[in-house]
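Kindly generate the complete structure, drawing on both the sequences and the hints.
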Amino acid sequence: MSDKGVVEIHNLHVSIGDEPILNGINLTMKKGEIHALMGRNGSGKSTLAKVLMGHPEYEVTDGTVTLDGKDLLALKPWERARLGVFLSFQYPQSVPGLQVGNFLRKSVAVIRGENAPGARDFRKELKDCMELLSVDKKFLGRYVNDGFSGGEKKRLEILQLMLLKPRLAILDETDSGLDIDALHTVATGINSSVGDSACLIITHYQRILEHVKPTYVHVIVDGRIASSGGPELALKLEDKGYEWLEQGASA
Amino acid sequence: MSSDARDAVGDYKAGWHDPEQATVRFDAGLSEQVVRDISELKGEPEWMTDIRVKAYHHFMARPMPTWGSTELLNSIDFDKICYFLRSGDGTKGEWDEVPEDIKNTFDRLGIPDAEKKWLGGVTAQYESETIYHSIREDLESQGVIFLDMDAGLREYPEIVKKYFCSIIPYQDNKFSALNTAVWSGGSFLYVPKGVHVELPVQAYFRINSENMGQFERTLIVAEEGSSVSYIEGCSAPTYSTDSLHSAVVELIAMPGASIRYTTIQNWSNNVYNLVTKRAVAHENSTIEWVDANVGSKLTMKYPAIILKGEGAHGEVISVAYSGEGMHQDAGAKVHHLASNTTSKILSKSISKDGGRGSYRGMVTVSKKADNCKVNVVCDALILDEKSRSDTYPTMEIKNSSCRCEHEASVSKVSDDQIFYLMSRGHSEDEALALIVNGFFEPFVRELPMEYAVELNKLMALEMEGSIG
Numbered sequence: 091m092s093d094k095g096v097v098e099i100h101n102l103h104v105s106i107g108d109e110p111i112l113n114g115i116n117l118t119m120k121k122g123e124i125h126a127l128m129g130r131n132g133s134g135k136s137t138l139a140k141v142l143m144g145h146p147e148y149e150v151t152d153g154t155v156t157l158d159g160k161d162l163l164a165l166k167p168w169e170r171a172r173l174g175v176f177l178s179f180q181y182p183q184s185v186p187g188l189q190v191g192n193f194l195r196k197s198v199a200v201i202r203g204e205n206a207p208g209a210r211d212f213r214k215e216l217k218d219c220m221e222l223l224s225v226d227k228k229f230l231g232r233y234v235n236d237g238f239s240g241g242e243k244k245r246l247e248i249l250q251l252m253l254l255k256p257r258l259a260i261l262d263e264t265d266s267g268l269d270i271d272a273l274h275t276v277a278t279g280i281n282s283s284v285g286d287s288a289c290l291i292i293t294h295y296q297r298i299l300e301h302v303k304p305t306y307v308h309v310i311v312d313g314r315i316a317s318s319g320g321p322e323l324a325l326k327l328e329d330k331g332y333e334w335l336e337q338g339a340s341a
Numbered sequence: 120m121s122s123d124a125r126d127a128v129g130d131y132k133a134g135w136h137d138p139e140q141a142t143v144r145f146d147a148g149l150s151e152q153v154v155r156d157i158s159e160l161k162g163e164p165e166w167m168t169d170i171r172v173k174a175y176h177h178f179m180a181r182p183m184p185t186w187g188s189t190e191l192l193n194s195i196d197f198d199k200i201c202y203f204l205r206s207g208d209g210t211k212g213e214w215d216e217v218p219e220d221i222k223n224t225f226d227r228l229g230i231p232d233a234e235k236k237w238l239g240g241v242t243a244q245y246e247s248e249t250i251y252h253s254i255r256e257d258l259e260s261q262g263v264i265f266l267d268m269d270a271g272l273r274e275y276p277e278i279v280k281k282y283f284c285s286i287i288p289y290q291d292n293k294f295s296a297l298n299t300a301v302w303s304g305g306s307f308l309y310v311p312k313g314v315h316v317e318l319p320v321q322a323y324f325r326i327n328s329e330n331m332g333q334f335e336r337t338l339i340v341a342e343e344g345s346s347v348s349y350i351e352g353c354s355a356p357t358y359s360t361d362s363l364h365s366a367v368v369e370l371i372a373m374p375g376a377s378i379r380y381t382t383i384q385n386w387s388n389n390v391y392n393l394v395t396k397r398a399v400a401h402e403n404s405t406i407e408w409v410d411a412n413v414g415s416k417l418t419m420k421y422p423a424i425i426l427k428g429e430g431a432h433g434e435v436i437s438v439a440y441s442g443e444g445m446h447q448d449a450g451a452k453v454h455h456l457a458s459n460t461t462s463k464i465l466s467k468s469i470s471k472d473g474g475r476g477s478y479r480g481m482v483t484v485s486k487k488a489d490n491c492k493v494n495v496v497c498d499a500l501i502l503d504e505k506s507r508s509d510t511y512p513t514m515e516i517k518n519s520s521c522r523c524e525h526e527a528s529v530s531k532v533s534d535d536q537i538f539y540l541m542s543r544g545h546s547e548d549e550a551l552a553l554i555v556n557g558f559f560e561p562f563v564r565e566l567p568m569e570y571a572v573e574l575n576k577l578m579a580l581e582m583e584g585s586i587g
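Residue numbers (our numbering), protein chains in the order written: chain A, 91 to 341; chain B, 120 to 587.
Treat the hints with care, since some could be wrong.
Here's a subset of chain A near chain B, in silico, CB distances under 7 Å, partners left out [said to hold, decoys possible]:
1. Gly132
2. His145
3. Leu173
4. Val185
5. Leu188
6. Ser197
7. Leu223
Treat the hints as calculated values from the structure; they're not laboratory data. For glycine and all other residues, C-beta sits at the position ideal for the given N, C-alpha and C.
Dropping the structure here:
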């Protein structure tokens, strides 16, 4: 492992039931880097996100994943979160009766541990982040994702990203269902908080990458990274689609 | 009755000579003599002895209910229960005078501390009788009476005679008959016309012995335009044998009065909790039952409100938690007898580890009651495949001008919900506690802060080690 490596994914194989979904993913992400992961529906993008977070439904059949040299795969999801893994969900779950403000405070306390801010500092931090995301104060009194619009859900995910300050931030289709203004706001939030993280952005579209500049772009085909490059790769995909890569992959 | 207890009854007439050792424990089992002995021990007026004896015979003759959990009901062994147990030597006005062991028990339950901070009055019942009682002087000087029921009967026999069994006759059901026959302790609360009791008053009920029967009797009368909030808590140690708690609670809200009655029931899961609670609401008065059932082996309890006067309002807000070996058969009853009366029922139940939660509700609107409003919401949350939830709602609406809303939902905690919360650093148990507390939130919001915190803690404890 390189001494600057934050996240090392090596030869990762994953199945659900008997069906293999990831077939040998290799990826190294360093602090401050933004990696975009693109690919068709069903190519394994979201699976990778959930596996990194530790979703119990998936079975890792081979390979290793480390964060700052620690074996992530041996840890429970909440242990990973406390170590610094964050997943912005494509479909965030609602928890009726759990107020957003209360939820954020509790999550910051467990994840940032002894570095968690005191009550007053937390309120200030929260206020600043909410202003940046154009989120109204009333938001804090609402129940987590309960009756939220698509845009509100994604704003809450990014608000959590900003407050939880992860080492590895995984954003699973954070751009889907957002209009231009919301996309711009959410991107501002992402840019403000990923400087100290390695960031993995999973997306179908080039659009968000105009706002959040990727260091690298990877394309996943049939559970493997078929091609990696700079931001120009995303533009090429937008132009030419995935077919040229799939032919390469099956050849 | 044991020979010791017989001596004690004899001594009672002559006055106690050895209060330090004065513990009365009746032999297990029920008979007319036991009923008469209880009444004699307490030095009650004849009318009370008579009603006890009549109630006893009604109890013996009345068959067990054939609904609810008949299997559990039929497994109650009435001959093994102790129907009267006195600890200590009467009701004290200072905690320091309460026998050390008993005081420690209530200290551990946080009662004296709560009293100092936020209560207007306190009674604490241990086994059959109240061992501590206090009320703030300002309330007393306004004519508010807050006593245990035995003292209420001694000091205000005319009020007790007027209302006792007036809302819940002993013939109402088998367990109201049992309670009327052997009742002991409970609260007597009387609020004079126009007096608003700002701080809640609290009663705490503790069963300490094995095979104990606790039969407290509570009567609350709120005179015209007055208001009061009463809170009761209860707990018992866990034994392998069963205890029986069978209370009767009668509330009377005179015109424009308001009574809120809050219960946090946390019996251990060897306690049968078979309680009859009913209130009468006169014109423009309000009755609220706020009812949390967190413990017991079997609870059957359906707080009822009779909306008798025009413009009266009734609410029954309840939560029930059924864990392993528990069955909560709880609900609400509201009878709209007058026009422009409104009611709201909110019931939330959680079952887990094979526990069973049932909502059993009844709302009636009589023919001559115009423009009534009824709102019923029942939500159930089931935490695993072994557990069960049932809903038995009944509505009899005989007046077409009634506006009636009814919603019911049953949901399960999903793996994705748990995963989402785990991804935010919360362990499985913590995640479940967050979901459960969220589910109860609309109820907890109604509680005084101190109780809300307590209930949340209680639920977090119940959720510990519940997954995986």
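Hint by hint, here is what the structure shows:
no. : hint   : verdict
1   : Gly132 : 19 Å, violated
2   : His145 : 6 Å, holds
3   : Leu173 : 10 Å, violated
4   : Val185 : 5 Å, holds
5   : Leu188 : 4 Å, holds
6   : Ser197 : 4 Å, holds
7   : Leu223 : 17 Å, violated
Hint check: violations occur at hints 1, 3 and 7; the rest are consistent with the structure.
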